[in-house]
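**Student:** Sequence:
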Amino acid sequence: MDEATSALDNSTEKEVMAAIEGLSHQLTVILIAHRLSTLEKCDRIFQLDQGRVYQEGDR
0 MDEATSALDN STEKEVMAAI EGLSHQLTVI LIAHRLSTLE KCDRIFQLDQ
50 GRVYQEGDR
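Numbering (numbering that gives the first Met the number 0), first residue to last: 0 to 58.
There could be a bad hint or two in this list.
Straight-line alpha carbon distances no greater than 20 Å define the calculated EDC-like cross-link-like pairs of lysine to aspartate or glutamate that follow [claimed, not checked]: (1) Lys13 x Asp42; (2) Lys13 x Glu39; (3) Lys40 x Glu55; (4) Lys40 x Glu14; (5) Lys40 x Asp57; (6) Lys40 x Glu12; (7) Lys40 x Glu20; (8) Lys40 x Asp8.
Simulated from the structure, these hints should not be mistaken for laboratory data.
All chains, please: the whole structure from these sequences, using the hints.
**Tutor:** Below is the structure:
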């Protein structure tokens, strides 16, 4: 999902992220985010630069 919450107010963003978190127990979810708060619940984070993995790690 590319910036799935970018245009949402804080309350709605929390609801959407809770739904995404529920899905993540059943399947792999790939998020593209510009805000660090969006990545709080992620197990693995990959930072891209020019389309290539620049850094990766656990939360």
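**Student:** Run every hint past the structure and note whether it holds.
**Tutor:** Here is how each hint holds up against the structure:
1. Lys13 x Asp42: 18 Å, holds
2. Lys13 x Glu39: Holds, at about 12 Å.
3. Lys40 x Glu55: 15 Å, holds
4. Lys40 x Glu14: Within the cut-off at roughly 14 Å; holds.
5. Lys40 x Asp57: 11 Å, holds
6. Lys40 x Glu12: The hint holds at about 14 Å.
7. Lys40 x Glu20: This hinted pair holds, its Cα atoms lying about 7 Å apart.
8. Lys40 x Asp8: Given pair Lys40, Asp8 holds - Cα atoms ~19 Å apart, limit 20 Å.
Hint compliance for this structure: no hint is broken.
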